[in-house]
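**Student:** The primary structure of each chain is shown beneath.
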Amino acid sequence: MRVKPLGTRTAPASIRDLFSRVRRGQTPAISVQRRQIPYWQEHGWTLEGTVYTGTYQTPHGSFQGWIEQERSGHINFFLYNPSLEIRRHSHWTCFQHRGSDWYLVHMGQQPKDVSSGIITIERLITEAYES
Amino acid sequence: MKKLSVVVAGTGQIRDVEIQPGTTAGDILHQLNLTDYLLSKGPNEPFFAAAESAYDKVKDGEKIFASTKAEVGVTVCA
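Protein chains in written order, with our numbering: chain A, 145 to 275; chain B, 2 to 79.
Derived by calculation from the structure, the hints in this document are not laboratory data. These numbers were taken from a predicted model, which means no experiment stands behind them.
Keeping only pairs whose Cα atoms sit at most 20 Å apart, straight-line, the calculated EDC-like set for lysine to aspartate or glutamate is:
id	chain 1	residue 1	chain 2	residue 2
1	B	Lys3	B	Asp61
2	A	Lys256	B	Glu72
3	B	Lys3	B	Glu19
4	B	Lys42	A	Glu186
5	B	Lys70	A	Glu214
6	B	Lys42	A	Glu274
7	B	Lys70	A	Glu212
8	B	Lys58	B	Asp28
Just need the whole structure built from these sequences, with the hints factored in.
**Tutor:** Printed below as a string of structure tokens:
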């Protein structure tokens with residue numbers, strides 16, 4: 145006889161669990177809740193009082209910024225040390241130097257919320273690199 | 002029919018919609034009562050024109066963004 149039975153033993157728990165799942169079929173799906181947070185928060189900006197700090201994120205890099213929301217609702221967007229590509233963009237005249245390499249981005253049409261403004265500036269930066 | 006999740010950028014609120022062929026970006030914004038908003042696939046993608054068929058541009062189950070209109074500089078700097 146080429147095979148000699150030596151007895152039986154219990155399979156490891158992981159194997160038993162696997163077979164048990166196969167027998168049971170697919171387990172019920174778990175409903176995963178979607179996070180509903182503003183764009184600025186999702187993209188790592190932080191808010192302290194009325195000032196947001198973070199980075200404008202594009203495929204060409206992240207660009208340091210801060211945003212100030214005035215009591216009136218007016219929002220000021222700042223960008224630190226804009227790159228050469230941004231300085232060459234047709235909208236460069238809309239960047240006003242405010243000292244220490246910080247530039248105020250002048251909005252001809254104000255966004256109604258901070259997130260929309262961040263998206264607008266990210267789009268502008270991307271455009272500057274791709275034009 | 003395609004299902005879409007429209008994320009309102011300012012609040013993060015997600016609005017689920019189902020659209021039929023030919024549905025435009027304007028139709029979606031109107032239906033969701035998001036006037037003064039624009040739709041895009043993200044900050045690095047162009048905005049959908051209001052009359053443009055959103056159905057042709059999105060995949061089933063895709064997430065798109067609604068953000069308010071904003072323009073850098075136009076009135077003063079252009």
